[in-house]
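Chemist: Okay, here's what each chain looks like letter by letter:
Number of protein chains: 2
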Amino acid sequence: MSMRTHYCGLTTEELLGQTVSLCGWVHRRRDHGGVIFIDLRDREGLVQVVCDPDRADVFAAAETVRNEYCLRITGLVRARPEGTGNANLKSGKIEVLAHQVEILNASVTPPFQLDDDNLSETTRLTHRVLDLRRPQMQNNLRLRYKVAMEVRKFLDANGFIDIETPMLTKSTPEGARDYLVPSRVNAGEFFALPQSPQLFKQLLMVANFDRYYQITKCFRDEDLRADRQPEFTQIDCETSFMSEQEIRDMFEGMIRLVFKNTLNIDLPDPFPVMEYAEAMGLYGSDKPDMRVKLKFTELTDVMKDVDFKVFSGAANMHNGRVVGMLVPGGANMPRSEIDAYTQFVAIYGAKGLAYIKVNELAKGRDGLQSPIVKNIHDAALTQILERTGAKDGDLIFFGADKAKVVNDAIGALRVKIGHSEFGKSNGLFDDVWKPLWVIDFPMFEHDEENDRWAAVHHPFTAPKDGHEDLMETDPGKCIAKAYDMVLNGWELGGGSVRIHRADVQSKVFRALKISDDDAKLKFGFLLDALQYGAPPHGGLAFGLDRIVTMMAGAESIRDVIAFPKTQRAQDLLTHAPSPVDEKQLRELHIRLRAAEPAIKA
Amino acid sequence: MSMRTHYCGLTTEELLGQTVSLCGWVHRRRDHGGVIFIDLRDREGLVQVVCDPDRADVFAAAETVRNEYCLRITGLVRARPEGTGNANLKSGKIEVLAHQVEILNASVTPPFQLDDDNLSETTRLTHRVLDLRRPQMQNNLRLRYKVAMEVRKFLDANGFIDIETPMLTKSTPEGARDYLVPSRVNAGEFFALPQSPQLFKQLLMVANFDRYYQITKCFRDEDLRADRQPEFTQIDCETSFMSEQEIRDMFEGMIRLVFKNTLNIDLPDPFPVMEYAEAMGLYGSDKPDMRVKLKFTELTDVMKDVDFKVFSGAANMHNGRVVGMLVPGGANMPRSEIDAYTQFVAIYGAKGLAYIKVNELAKGRDGLQSPIVKNIHDAALTQILERTGAKDGDLIFFGADKAKVVNDAIGALRVKIGHSEFGKSNGLFDDVWKPLWVIDFPMFEHDEENDRWAAVHHPFTAPKDGHEDLMETDPGKCIAKAYDMVLNGWELGGGSVRIHRADVQSKVFRALKISDDDAKLKFGFLLDALQYGAPPHGGLAFGLDRIVTMMAGAESIRDVIAFPKTQRAQDLLTHAPSPVDEKQLRELHIRLRAAEPAIKA
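Sequences listed follow chains D and V, in order.
Going by this note's numbering, the first sequence opens with residue 1, and the numbers climb by one from there.
Going by this note's numbering, the second sequence opens with residue 1, and the numbers climb by one from there.
Rather than coming from a laboratory, the hints here were simulated on the basis of the structure.
Think of the CB as a built atom: it goes at the ideal place given N, C-alpha and C, for glycine as much as any other residue.
A portion of the hints provided could be inaccurate.
[Claimed, not checked] Facing chain V, according to a computed beta carbon distance under 7 Å, are these residues of chain D, among others:
#1 S171
#2 V181
#3 F232
#4 Y532
#5 R593
[Claimed, not checked] Simulated pairs of lysine-lysine, PhoX-like, Cα-Cα distance not exceeding 20 Å:
#6 K153/D / K146/V
#7 K90/V / K146/D
#8 K153/V / K153/D
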């Protein structure tokens, strides 16, 4: 005999007149007119259980139960009395008249109400098990599962094979910091937890598996920001013998299907495609939020000789940039809001926020309201107005500094205004899902501090056809076959066509000033594998945590992970990390360093 | 335009007359009558490509290619000439007349032939990428994927949800040795990699997820035996509100489906069920190979007063045991084979291997051939012959020692004889898949060395109903709600109903002499969670590596893992583990111990 015949939340009028056994938790208990009503909850939802005083044992048991008691109820499904239905519940038309109430487990009083929406993160993570009982968390983790399963079904149907790659792997101190695992058997040596299965998936392509995927944990020991975790989950894919275009088509199809089959949302088909240079030019970002209808106007070329030193200085600076950003209808923006934005852009390093309010173009300079316009000569002013297409009632903000500062500050301002009340009420924000491919990334960026070229993606990314020689002659002009999928200002995933020829791979290492010896030591196995007829291949990786966070409308990726770490990389539930026995350390051939003095003499 | 229109191995007569583009590797090149034939290989198999000398550029390219070159071929699918078909290939009726041969990548000469079946494991693991190109390895990893995907589909259809549990978790030094991960942020503290998600999956049941699964990596830092890896993959499942019987039914259904949908094998329905006590009694093993038609006969009770000291000594010993094992038709077994078995059982600690050949029962003692029979009195001899049911021409082997030695030695002998030529030709081996549930395991086993009780499964296993008090009064008699799924002598998986009440859990900790303080420190989060109306729950875990190894008929689990470690826990391909930079250690607040002298004074 089964403990349970149906889920609480799925007990509907189809079962009228039947005897059912339900298991779940006391969500709420009410005494009403001498009858006890229990809202019994399981993962599918609530059902109303009625305990009548004329069944003495049932009533006696019902009197003892409290919130979060775990019960088994056997009873009769009957219609609710006229007018007492609950349209919010699937079970809202029926109730269960209890014939038997079995207390499977009692509960002490929970430290908080499950429907309290104002819990601190510390409380929630400390009592994670109760926190996970909350409907929002139940929904988030079930959505996460559905997303992952839809991904698997899509990839399976397209011939991709899930192949597990090692968790105990080799430390290659490039990029982020590794988590290390001391080896007991090999004294003095360490494994690293993988930052990504990048090289293994490339090896699998060389090994003729043709299409690979894995939904797998990756690890980076970085100081945590709001949307980062020490361990995170990647949908990792790689394929042989497909062009960049084919790879992008395949995976935008996957994301489109996932959105359709989980949230019933139709993403555009095809996704728009934008070159990196255009994205940086118009939005100051390689992951622009396309819901925001604001863009940059390039002004660097016309500001070189204006009297306003902030503009002319930036325009003449190495890596300097001057842009305007037209805000339609912005002339009505109160001074206080402009001041707030000035403070906001300062976070990104901007030293001020110049603006022009366009009150009445017909009046010429007199129709413009601005602290800076007097120091801008006519030719430049004409260009500003023409290029931005400003009309009466508009506002133009300006950024002028190193290009990076301008892009970061005005890019952030763009999003800020778009999402503001002002932006929403002035039609500057289109509240839909706006996916986008950003392509044609540069291969290298110049690391000013160390005066050397660094890989924008990773050193296994292929250059565009015909760009191989630029790696030596003009690395800054060399474009990569790299692509990012962007959604509403978040990078969902990214990837590239990889280098499949050992000689090209060696050229990249040389461009990055990685010596042959060093390359051999760290990546010898890859260079070796490329020699045996490695196929053209490429792929990409999506961040599952981030995709689900967006889809769930959650505030933090911690809300879509069952047992996340805090920003101090701690698990408050199990109290990890923790000190270990000296014996364990000895077996691993390590010892703790003595605590270093807080201040060195 | 696509690089590839079809897979080589799937290019069949359905494409006759069509132009196709194929990508793959040169498996073999033959010059025959002035024409070059290339067997082109991709993951789906081989296709024959014909390069005619009347197409000069095609022929010139074909002349330069060598084994393992990666090619793109465009050409016409045409029927092979009469009598030259290859029935072993899906593409065996056709060939592709090359119009274009593009060398995508050259290959240096491989260090071995891909069809060489006598490669050392070191060679194979060092050149793993080429090793993985071998059809057997391709098939093994694709079978592994199919098994995992069938498991996912089954569990999805049954309402199980994949929920990821942490990889960076808390060290609880029980059972096997943990892999540790030093924390950078929390100086002097360590994470542990999970040995299993056991406690997290129980927490998920308390958190109302109802049905959970995960196919996940687990870690044990043990000295490796042939069938172990530092990291291994578990199909981990847990469910609430189901009885032991329901759980077993669910998961034998899963395994039955997996065998049917991957290998088209029908496993019995239902699986036989055997109590632990019976398994040990009849086969000396809790995972008996049921293909072998041999079993033990209990003789301990009748050997207490025989003159043969080996038997009477064992029969009167604390934890001693005497068994016979009838081998039908064994009287013809040559002396040399018996001697070989005597050496074999010595591996398991047996000091000898007594036997009786039953030549002719009608002759009484004269019809028995045995070195020991003269020291066995009539009553005991009668029991031996009656209980074993010996007939003329049979042989009886005996084991007499501590029960553990008898079980191990005669249990191993049973399998050895069953699998031998003798066993196979005498009908003692049934070459089919023989699954089995072993149930009713004891809760505790006595740890003689430390004179204390230890958990047979793990300390979260529930006792049988009514056995709770035995934990205090007679722990050895306490039976657990634990079950193992066994197939052909291998444990495929195992699990139990868990303890869902905090008071029962505390009793187990007390029985195991884990102090309240210690329990709280290590498992406080579990005890805490159990207080909030934890539901009845249970589950099990399967070893994916092992299941696939069996199904593939592979020799080692290393043959079903893409990038395994050696027995010294090393990755010969990437050279992990490896030394790391001093800077990395300093950031992790650890240092290496000085090498200890090889021999201490």
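Chemist: Hint by hint, say whether it matches the structure.
Modeler: Taking the hints in turn, this is what the structure says about them:
no.	hint	verdict
1	S171	holds (5 Å)
2	V181	holds (5 Å)
3	F232	violated (10 Å)
4	Y532	holds (5 Å)
5	R593	holds (5 Å)
6	K153/D / K146/V	holds (12 Å)
7	K90/V / K146/D	violated (37 Å)
8	K153/V / K153/D	holds (9 Å)
Of the numbered hints listed earlier, those contradicted by the structure are 3 and 7.
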